Amino acid sequence: MNSDYSYLLLKNLPQTKCDELLLLLTSLVGDPFAHADEGSLIMANKPIKTEEAQHTTAYFTWNKFDLHTELPYIQTPPDFISLYCVNNVKGGYTYLSNVERALHLLSQDQMIELKKPQYTIPIPPHFGADKKQEFKRPLLSIVKGRPSLRIRQDGLVSETEAGMAAAQALQSALDMVREAIELEPGSLIIINNHLSAHGRAPFRPTFNHEDRELHRVYLIEDVNKFGKNYDPIHRRIRGF
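Okay, so the sequence shown: first residue is 5 according to our numbering, each after it adds one.
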């Protein structure tokens with residue numbers, strides 16, 4: 005078992021009934037949920053040959069995924085994201101970056117900009133949302149004395165030049181402190197979605213059983229934070 009303030013990595017877990025194991029272990033951390041517009045409670049992150057996959061970056065693509073937090077475009081993002089490795093390819097790295105370490109590389113003026121509700125993070129096309137569901141939000145908040153980050157660089161817009169410069173400095177800082185983990189089959193990583201940004205290295209897809217495949221679950225510590233947007237029967241949230 006390897007751990008960090010921002011993630012926990014478990015290795016050498018059973019490789020049978022992996023979805024049941026994923027739900028069992030992660031339910032000790034929080035309540036599993038999914039977004040109603042995205043898919044299953046347990047999502048298989050693996051390459052899918054579609055027209056959309058050629059023009060976007062998502063769980064079903066294979067291009068480089070810059071460091072980001074999960075669901076940064078919704079009001080209440082997951083507290084944790086869990087990834088169970090079913091299969092991996094050589095060089096199929098998962099990138100992780102500790103937010104607190106990255107923030108030490110920024111100036112106070114940049115931190116002030118990041119805390120302003122001046123940023124729009126576009127909702128990915130596969131959600132089927134429109135521009136009316138996108139809101140301006142800060143990239144950085146302080147919750148109970150700890151930083152809470154939301155970031156996704158592709159398509160990010162700030163209403164000021166200073167805000168955009170701060171977001172770019174943040175991305176550079178995250179890249180500077182990132183580490184790369186090549187997950188092995190039977191390993192489970194639980195990522196703090198406030199204290200860690202994550203991403204992936206590009207890889208060559210084969211579109212068969214030998215592809216990189218990670219099974220993903222979102223976790224929230226208290227479903228009441230979703231309010232009326234939460235469907236407890238199906239464990240789904242709606243809206244942004």
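These are calculated hints, taken from the structure and not from any lab test. Nothing here was measured: the structure is a model prediction, and the numbers come from that model. For every residue, glycine included, the Cβ atom is placed at its ideal position computed from N, Cα and C. Hints are not guaranteed to be accurate.
[Said to hold, decoys possible] Straight-line alpha carbon distances no greater than 30 Å define the calculated DSSO-like cross-link-like pairs of lysine-lysine that follow:
| # | residue 1 | residue 2 |
| --- | --- | --- |
| 1 | Lys-136 | Lys-232 |
| 2 | Lys-21 | Lys-53 |
| 3 | Lys-68 | Lys-148 |
| 4 | Lys-140 | Lys-53 |
| 5 | Lys-119 | Lys-53 |
| 6 | Lys-21 | Lys-119 |
[Unchecked claim] Each pair of labels, with its calculated beta carbon distance range:
| # | residue 1 | residue 2 | range |
| --- | --- | --- | --- |
| 7 | Thr-210 | Glu-55 | 32 to 40 Å |
| 8 | Leu-14 | Glu-104 | 19 to 27 Å |
| 9 | Leu-29 | Glu-186 | 19 to 27 Å |
| 10 | Arg-242 | Met-180 | 20 to 28 Å |
| 11 | Met-115 | Leu-27 | 19 to 27 Å |
Hints, verified against the model:
As the CA atoms of Lys-136 and Lys-232 are separated by approximately 19 Å, the hinted pair is consistent with the 30 Å bound. Among the hinted pairs, Lys-21 with Lys-53 is consistent with the structure: their alpha-carbon atoms are about 26 Å apart, no more than 30 Å. For the hint linking Lys-68 to Lys-148, the alpha-carbon distance of about 33 Å lies beyond 30 Å, and the restraint is violated. For a cut-off of 30 Å, the pair hint linking Lys-140 to Lys-53 is broken: about 33 Å separates their Cα positions.
A C-alpha spacing of about 39 Å is found between Lys-119 and Lys-53, which places the hinted pair above 30 Å, so the restraint is violated. Restraint check: the Cα-Cα separation between Lys-21 and Lys-119 comes to about 43 Å, which exceeds 30 Å; the hinted pair is violated. Checking the proposed 32 to 40 Å range against Thr-210 and Glu-55 shows it is violated: the Cβ atoms sit about 19 Å from each other. A hinted range of 19 to 27 Å for the beta carbons of Leu-14 and Glu-104 is consistent with their spacing of about 22 Å.
About 21 Å separates the C-beta atoms of Leu-29 and Glu-186, a value consistent with the hinted range of 19 to 27 Å. The hint said 20 to 28 Å for the Cβ distance between Arg-242 and Met-180, and at roughly 37 Å that hint is violated. Here the CB-CB span from Met-115 to Leu-27 is close to 38 Å, at odds with the stated 19 to 27 Å.
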